[in-house]
Amino acid sequence: MKIKQYVRPASLEEAYELNQKKSARILGGMLWMRLGRGMVQTAVDLSGLGLDQIVETQEEFSIGSMVTLRTLEQHEGLGRYTQGAMREAVHSIVGVQFRNLATVGGSIWGRFGFSDVLTLFLALDTWVELYQGGLVPLAKFAEMKKDNDILVRLIVKKRAQKTVYLSFRNTRTDFPVLTCAVCMENGPEAQGYAVIGARPGRALCFALGRELSDAAAESRRSTSSARGLQKDMPAERALSESVPIESAASEKLELAVRELVQKVPMGSNMRASAEYRSHLAEVLIRRGLKKLQEGELS
Amino acid sequence: MKLSMILNGRKTEEEIAEGMTLYDFLRSQGCSSVKCGCETSNCGLCTVFLNEKPVLSCSVLAMRAQGCHVDTLEGLQEEAKEFGTFIANQGAEQCGFCNPGMIMNAIALFREIPDPTAEEIKEYLAGNLCRCSGYEGQLRGILNFLDWKKGGVRE
Ligand SMILES: Cc1cc2nc3c(=O)[nH]c(=O)nc-3n(C[C@H](O)[C@H](O)[C@H](O)COP(=O)(O)OP(=O)(O)OC[C@H]3O[C@@H](n4cnc5c(N)ncnc54)[C@H](O)[C@@H]3O)c2cc1C
Ligand code: FES
Ligand code: FES
Numbered sequence: 001m002k003i004k005q006y007v008r009p010a011s012l013e014e015a016y017e018l019n020q021k022k023s024a025r026i027l028g029g030m031l032w033m034r035l036g037r038g039m040v041q042t043a044v045d046l047s048g049l050g051l052d053q054i055v056e057t058q059e060e061f062s063i064g065s066m067v068t069l070r071t072l073e074q075h076e077g078l079g080r081y082t083q084g085a086m087r088e089a090v091h092s093i094v095g096v097q098f099r100n101l102a103t104v105g106g107s108i109w110g111r112f113g114f115s116d117v118l119t120l121f122l123a124l125d126t127w128v129e130l131y132q133g134g135l136v137p138l139a140k141f142a143e144m145k146k147d148n149d150i151l152v153r154l155i156v157k158k159r160a161q162k163t164v165y166l167s168f169r170n171t172r173t174d175f176p177v178l179t180c181a182v183c184m185e186n187g188p189e190a191q192g193y194a195v196i197g198a199r200p201g202r203a204l205c206f207a208l209g210r211e212l213s214d215a216a217a218e219s220r221r222s223t224s225s226a227r228g229l230q231k232d233m234p235a236e237r238a239l240s241e242s243v244p245i246e247s248a249a250s251e252k253l254e255l256a257v258r259e260l261v262q263k264v265p266m267g268s269n270m271r272a273s274a275e276y277r278s279h280l281a282e283v284l285i286r287r288g289l290k291k292l293q294e295g296e297l298s
Numbered sequence: 001m002k003l004s005m006i007l008n009g010r011k012t013e014e015e016i017a018e019g020m021t022l023y024d025f026l027r028s029q030g031c032s033s034v035k036c037g038c039e040t041s042n043c044g045l046c047t048v049f050l051n052e053k054p055v056l057s058c059s060v061l062a063m064r065a066q067g068c069h070v071d072t073l074e075g076l077q078e079e080a081k082e083f084g085t086f087i088a089n090q091g092a093e094q095c096g097f098c099n100p101g102m103i104m105n106a107i108a109l110f111r112e113i114p115d116p117t118a119e120e121i122k123e124y125l126a127g128n129l130c131r132c133s134g135y136e137g138q139l140r141g142i143l144n145f146l147d148w149k150k151g152g153v154r155e
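Protein chains in written order, with our numbering: chain A, 1 to 298; chain B, 1 to 155.
I should point out that these hints are in silico values taken from the structure, not numbers from a laboratory.
There could be a bad hint or two in this list.
Listed next, the stretches of chain B that the computed footprint assigns to chain A, with coverage defined by at least 3 CB atoms under 8 Å from CB atoms of chain A [stated by the list, open to error]:
1. 76-87
2. 123-135
3. 138-151
Computed Cβ-Cβ distance ranges for the label pairs, DEER-style [unchecked claim]:
4. B/T12 with A/V283: 39 to 45 Å
5. B/E52 with A/K2: 55 to 61 Å
6. B/C36 with A/K145: 33 to 39 Å
7. A/L12 with B/M1: 19 to 25 Å
8. A/E59 with B/W148: 48 to 54 Å
9. B/K81 with A/K2: 54 to 60 Å
10. A/A160 with B/D115: 55 to 61 Å
11. B/C36 with A/Q132: 52 to 58 Å
12. B/E136 with A/M1: 35 to 41 Å
13. A/G201 with B/A88: 45 to 51 Å
14. A/Q41 with B/A88: 30 to 36 Å
15. A/N186 with B/K81: 36 to 42 Å
16. A/K158 with B/K150: 29 to 35 Å
Positions of the beta carbon are idealized from the N, C-alpha and C atoms, including for glycine.
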């Protein structure tokens, strides 16, 4: 890719106007863009607009589009809110030097099939603020066609939830074979979600049905009641009593996870087959649920 | 377009093509330590500091460095020489092609995490590809360097 003219506009309005020409492109970190072919007549750099900040309030995080992946990774508030899932989602993306350049705006705007970033943000209550299009839920934005608008910032509305992020890669800094985020809202009628990405298509978010949430809750109850039994019982008896209860619950859970994964459209590419991805998805969702239940969060 | 930056501590002003990468600009300024090992933002060989943060100079426009501090190995002489000589004496590398990028990023690591664990070293340097060493020699060399800096005996 070659760039003819470089402009650093002084306002979003100016950037938007410049971007209406077909040959203009917004510059994020430029890492993906530079791999493309052809000539960009006007590269519109949003660097001077203060969009490299994360602002946390009681209700939400406001994340400017020029915030780098490294800043996401190291942000204390996001780390706390996601119980470490934010760092987990980005720390395998190429290297520190790369993440110091790659932006959250470019990552979400790209709606890449392989995206760790899109997968995690879909598991949060994320909204995309577009200059012209206003606030759009991320799940809707992910399905929209690319146009000449500008992604100004992401808004993550805080809700009481636990989040786990898992991915599988053939080698450490390669594109992921599969990405998975599992989250569970807090409370008795808690709604859970599983997001599966790198299918290899764009990440999709599935609400965990009552059945799966109940199975998960049942497994937790039976595990703790089995632990309770063990206190007052000879070890052999506790073991024989606890196994059927636990395995019944975990069988139910396995079945529910399998049913869920059957709904996820998977494809094959050079990294893995569709079948392998389905198998991985089952494993990662189960691991995610287990981590949520056991509170094994970093 | 006029680009103005502090390059290795010296004010530098130059008229450049608007689409020039920072890598090409630095080479044109005689910073021959900065090398290009790939076309895909993957290898880390072109690492320089932009306002003290390690970045891939091949993947960023020179104009992005307007008004910034940029440092290359040439500007980190003492720090780089001490570490580079130690690593060479350790036999931690083979062909040495990856060396300039690895030294830059290792220095960034030491500045950010002065006493890193082996896992932190591996994670920080994950974006510096090396086709020869299998990384074990580099890791051993870095751990020995850190020990030596702390007054340890291994050299
Ligand atoms: C070699 C390589 C390996 C990668 N590996 C992974 C990986 O393992 N996991 C992962 O999740 N991601 C991965 N990525 C993707 C990467 O993390 C970024 O998502 C990607 O580079 C886009 O971010 P950027 O800031 O570089 O955007 P750019 O390349 O600058 O922009 C991408 C597109 O978005 C447009 N754009 C940028 N910002 C805006 C905005 N604010 N408003 C409107 N349009 C905008 C640009 O015009 C362009 O069309 C990889 C990328 C590369 C090049
Ligand atoms: S030359 Fe390979 S990442 Fe820059
Ligand atoms: S020593 Fe040869 S590439 Fe690293």
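Violations among the numbered hints
1, 3, 4, 5, 9, 10, 11, 14, 15 and 16
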